[in-house]
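Number of protein chains: 4
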Amino acid sequence: MLEKLKQQVYEANMQLPKLGLVTFTWGNVSGIDRDKGLFVIKPSGVDYENLKPEDMVVVNLKGEVVEGKMNPSSDTPTHTVLYNAFPKIGGIVHTHSPWAVSFAAAKMDVPAFNTTAADTFFGDVPAADALTKEEIEADYEGNTGHAIVRTFKERHLDYEAIPAALVSQHGPFAWGPTPDKAVYNAKVLEVVAGEDYHTLQLTRSNSELPQYLLDKHYYRKHGNNAYYGQNNAHSKDHAVREN
Amino acid sequence: MLEKLKQQVYEANMQLPKLGLVTFTWGNVSGIDRDKGLFVIKPSGVDYENLKPEDMVVVNLKGEVVEGKMNPSSDTPTHTVLYNAFPKIGGIVHTHSPWAVSFAAAKMDVPAFNTTAADTFFGDVPAADALTKEEIEADYEGNTGHAIVRTFKERHLDYEAIPAALVSQHGPFAWGPTPDKAVYNAKVLEVVAGEDYHTLQLTRSNSELPQYLLDKHYYRKHGNNAYYGQNNAHSKDHAVREN
Amino acid sequence: MLEKLKQQVYEANMQLPKLGLVTFTWGNVSGIDRDKGLFVIKPSGVDYENLKPEDMVVVNLKGEVVEGKMNPSSDTPTHTVLYNAFPKIGGIVHTHSPWAVSFAAAKMDVPAFNTTAADTFFGDVPAADALTKEEIEADYEGNTGHAIVRTFKERHLDYEAIPAALVSQHGPFAWGPTPDKAVYNAKVLEVVAGEDYHTLQLTRSNSELPQYLLDKHYYRKHGNNAYYGQNNAHSKDHAVREN
Amino acid sequence: MLEKLKQQVYEANMQLPKLGLVTFTWGNVSGIDRDKGLFVIKPSGVDYENLKPEDMVVVNLKGEVVEGKMNPSSDTPTHTVLYNAFPKIGGIVHTHSPWAVSFAAAKMDVPAFNTTAADTFFGDVPAADALTKEEIEADYEGNTGHAIVRTFKERHLDYEAIPAALVSQHGPFAWGPTPDKAVYNAKVLEVVAGEDYHTLQLTRSNSELPQYLLDKHYYRKHGNNAYYGQNNAHSKDHAVREN
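These protein sequence lines are chains A, B, C and D, in that order. Read in order, the letters of the first sequence are residues 1 to 243 in full-length UniProt numbering. Read in order, the letters of the second sequence are residues 1 to 243 in full-length UniProt numbering. Read in order, the letters of the third sequence are residues 1 to 243 in full-length UniProt numbering. Read in order, the letters of the fourth sequence are residues 1 to 243 in full-length UniProt numbering.
Think of the hints as simulated: they come from the structure by calculation, not from any bench. Please note that a few of the clues may not be correct.
Capping the alpha-carbon separation at 25 angstroms, the derived lysine to any residue pairs in SDA-like fashion look like this [as the list claims (entries may be wrong)]:
1. A:K69 <-> B:G223
2. B:K221 <-> A:H146
3. B:K133 <-> D:Y219
4. D:K107 <-> A:Q201
5. B:K221 <-> A:V46
6. B:K107 <-> D:P210
7. D:K221 <-> B:N71
8. C:K18 <-> B:G20
9. C:K18 <-> D:L51
10. B:K52 <-> D:N231
11. D:K52 <-> C:Q230
12. C:K133 <-> A:D124
13. A:K221 <-> C:D55
14. B:K221 <-> A:A130
15. C:K216 <-> D:T151
16. A:K221 <-> C:M14
17. B:K18 <-> D:Q15
18. A:K133 <-> B:A226
19. D:K107 <-> C:D109
20. B:K62 <-> D:Y228
21. D:K18 <-> A:L19
22. C:K216 <-> D:W26
23. A:K216 <-> C:T132
24. A:K216 <-> C:T25
25. D:K107 <-> C:E208
26. A:K133 <-> B:G223
27. D:K133 <-> C:G223
28. A:K221 <-> C:K133
29. D:K221 <-> B:A138
30. D:K107 <-> C:S207
31. B:K216 <-> A:E137
32. B:K62 <-> D:K221
33. B:K216 <-> A:S74
Residues of chain C placed beyond 12 angstroms of chain A at every Cβ, according to the derived structure [said to hold, decoys possible]:
34. R34
35. K36
36. E54
37. D119
38. R150
39. R155
40. Y219
Since the model is a prediction, treat every value here as computed from it, not as a measurement. Even glycine gets a Cβ: it sits at the ideal position worked out from N, Cα and C.
Model the full structure from these sequences, guided by the hints.
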């Protein structure tokens, strides 16, 4: 069942240690088959070196396990909420990558200070509010997803143009049209968070990019007029800005 | 004698360079057989690349060598004190990992700022007081252990729920139900110390987790209601909170 | 066509991941044949692990593709401007290396604080002004090159003695007599930017080298009286200071 | 001539890239045969991957080349001064390792903040004064050595108990009874400088170790009563404190 997607999700998971985004088992990637309404996710607490494609767990959009011998990631309810709220995404990744976690613990957005950010994120990557006591006790992982969704709604952000968020006190979630692209975005977020940290220490002041530079770099790689790369495949990956 | 435990302790020691926790020979792991009242520890000053399982030294709970051709780690008296004071631990590790040492030199706790910490440490990892002149001259390594034990007692901390400590001006000790799990905890401490450093620089203010988030993340992985991982083996590893 | 130069440019590009200067595809190296007035550059958005010498694209000094099946780097117009303005350089490299990007986002020069810098850069590596809205919209990549050239002119800098620049909000460009040497200079810039960051945090004050130390270290490696290395080949690589 | 020493010096040089202490060719190790009054040093500007034992250059204590096809390190006059002034040392290493360079550029000692330092350095590693214009122009590399020697004299430091120094604006030199031990000391200095930087940022205050802890850790590894390691060979390596 969904063997090809399992393979893709497996390979995207295996990118996490290769890209230096996980310690031990602290990360998970999922990918969705929108036609079938099912997603495939890493099993909980399995070491990357022992992971196999057939270990992937199949889950429906109510968050129920449909196939798989192992427990799915304990963050499965977060993935479920995000797939339901963000209908155009095809993959999600959660890590505890240390630069992003440092900003999450500080409850700070990862700002768009440089074109490395602007190539991927059309503005600051937002830090969703820390969960309340009630949210944590009622449905921790589900409410983690709702906090992200609420943040995008309240701040009028486009989830395709800013394909990542921090959850305050916790860490980063990233997504994209495919599991592979979600992992790419998670890596960009980690690199940019490290650069932003150092820029903030150097300046202790606002270093935000102007909108016209954000426009230039983002649309150089995304949308119908993209001219980076060999086939401008990016134009199919990402929708243009909504507002 | 204790060949299986020697192999376990050897393998746990070999994890230290692999996880980036040691430079040269600056670390040691031990593991205990509680029934026999004997523990096994790395020999002093031996390079990791030359270390063999049969080099491990067997020591009793008075700190006396029972078997072994080599000198045990010069930190053996610290391990002895900890095994006697903390009856439920099965393994201990000491390293000079640089983020933890940076906090130890600053005489600062490693705070619980994020859920990476909360997954393993049910609150701040305490920095034990620096040893006095008298303590250093009388029994340096033994008093290093006593400083840790005293800190847990005075601050009413549960050594199973917070399985690590810093010794001010010196560095980290971590422990756990097994040597392997002690090394795991030492790595978490190092990762969290690095993240905390950056969060502190970003905020210069208190970023402590609320108790309800600590509860959620800690008990998601530990105790009878844990639901992380495949067999909730964590519930057997760690006792629940005492107070 | 230009097979030997393609091989050189290919090899210089492959140095970027080896030296830790790129993430994903975020870098490009070019090299020029001055006699023919043609330069060779990495294709746009191709992974380093799939790159082959024959993928290199040949471009003339108007920035037009002369040979090659693939699109050239989207930064090709920047390279074109620099080759036209700086007639003695033979190779150019652009990366998003994180320490240099951190300074670029802060719009700060990378100062000459130590002899590691002075061995390669005869003074601070300048941060060119951020591009204006008009410059970005009219000809983004070309104006990126013009911003660098204008900075060198306005500040009376010698592009052979300071073979690199930052573009504010963006990142580093480096150059040299050969593609290989341009990559060397890009690596020195990254190392020095990291050291400078830490020195600035330690001192929060001006730590600029005096001119006489700059003279000594720079001319120990460059010019007719160089005495570093085996054949003082450096004397052929770099012209002496102009003013 | 001196084939065994050449092999030792070669191997000690090859430790530098392995320990992450050099970028490109920015480091050199030498070792001395005190009976013959000759030392062996790395040739100038040769890549580590191409270095061979027979490339090592033999130099006498006037700094004259006695044997070797290649130019010796351009820092040879510094080594010469140090061998003459510090009669008990057997090896010297110079690197541009980045944490030590960051402190050197800040003209700051690397303080003894933790026992990782105290195990090797019996107090702060001093930053020698920056060279004056006259010193640089007259005999740059020789005066680099004299600046170190003068610092030890003026501050009443024991070069065997503190086997390293920074040269302000430049970088670290370390030494020891053998070339291998000099490299070890250079690595300790780099690790400690990184830790000290972070401790300083955390505390912004004095975190100096008390003398009694320095005594304990230093003499645990050095001198007649050392008890670290297997054969207390350290007692032969290092003289005890002079004053």
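Right, here's what the structure says about each hint:
no., hint, verdict
1, A:K69 <-> B:G223, "23 angstroms, holds"
2, B:K221 <-> A:H146, "22 angstroms, holds"
3, B:K133 <-> D:Y219, "15 angstroms, holds"
4, D:K107 <-> A:Q201, "21 angstroms, holds"
5, B:K221 <-> A:V46, "14 angstroms, holds"
6, B:K107 <-> D:P210, "13 angstroms, holds"
7, D:K221 <-> B:N71, "14 angstroms, holds"
8, C:K18 <-> B:G20, "21 angstroms, holds"
9, C:K18 <-> D:L51, "19 angstroms, holds"
10, B:K52 <-> D:N231, "18 angstroms, holds"
11, D:K52 <-> C:Q230, "15 angstroms, holds"
12, C:K133 <-> A:D124, "20 angstroms, holds"
13, A:K221 <-> C:D55, "21 angstroms, holds"
14, B:K221 <-> A:A130, "20 angstroms, holds"
15, C:K216 <-> D:T151, "22 angstroms, holds"
16, A:K221 <-> C:M14, "23 angstroms, holds"
17, B:K18 <-> D:Q15, "19 angstroms, holds"
18, A:K133 <-> B:A226, "19 angstroms, holds"
19, D:K107 <-> C:D109, "21 angstroms, holds"
20, B:K62 <-> D:Y228, "19 angstroms, holds"
21, D:K18 <-> A:L19, "22 angstroms, holds"
22, C:K216 <-> D:W26, "17 angstroms, holds"
23, A:K216 <-> C:T132, "12 angstroms, holds"
24, A:K216 <-> C:T25, "19 angstroms, holds"
25, D:K107 <-> C:E208, "11 angstroms, holds"
26, A:K133 <-> B:G223, "20 angstroms, holds"
27, D:K133 <-> C:G223, "20 angstroms, holds"
28, A:K221 <-> C:K133, "18 angstroms, holds"
29, D:K221 <-> B:A138, "17 angstroms, holds"
30, D:K107 <-> C:S207, "9 angstroms, holds"
31, B:K216 <-> A:E137, "7 angstroms, holds"
32, B:K62 <-> D:K221, "24 angstroms, holds"
33, B:K216 <-> A:S74, "12 angstroms, holds"
34, R34, "28 angstroms, holds"
35, K36, "26 angstroms, holds"
36, E54, "15 angstroms, holds"
37, D119, "24 angstroms, holds"
38, R150, "18 angstroms, holds"
39, R155, "20 angstroms, holds"
40, Y219, "31 angstroms, holds"
The structure meets every hint from the earlier list without exception.
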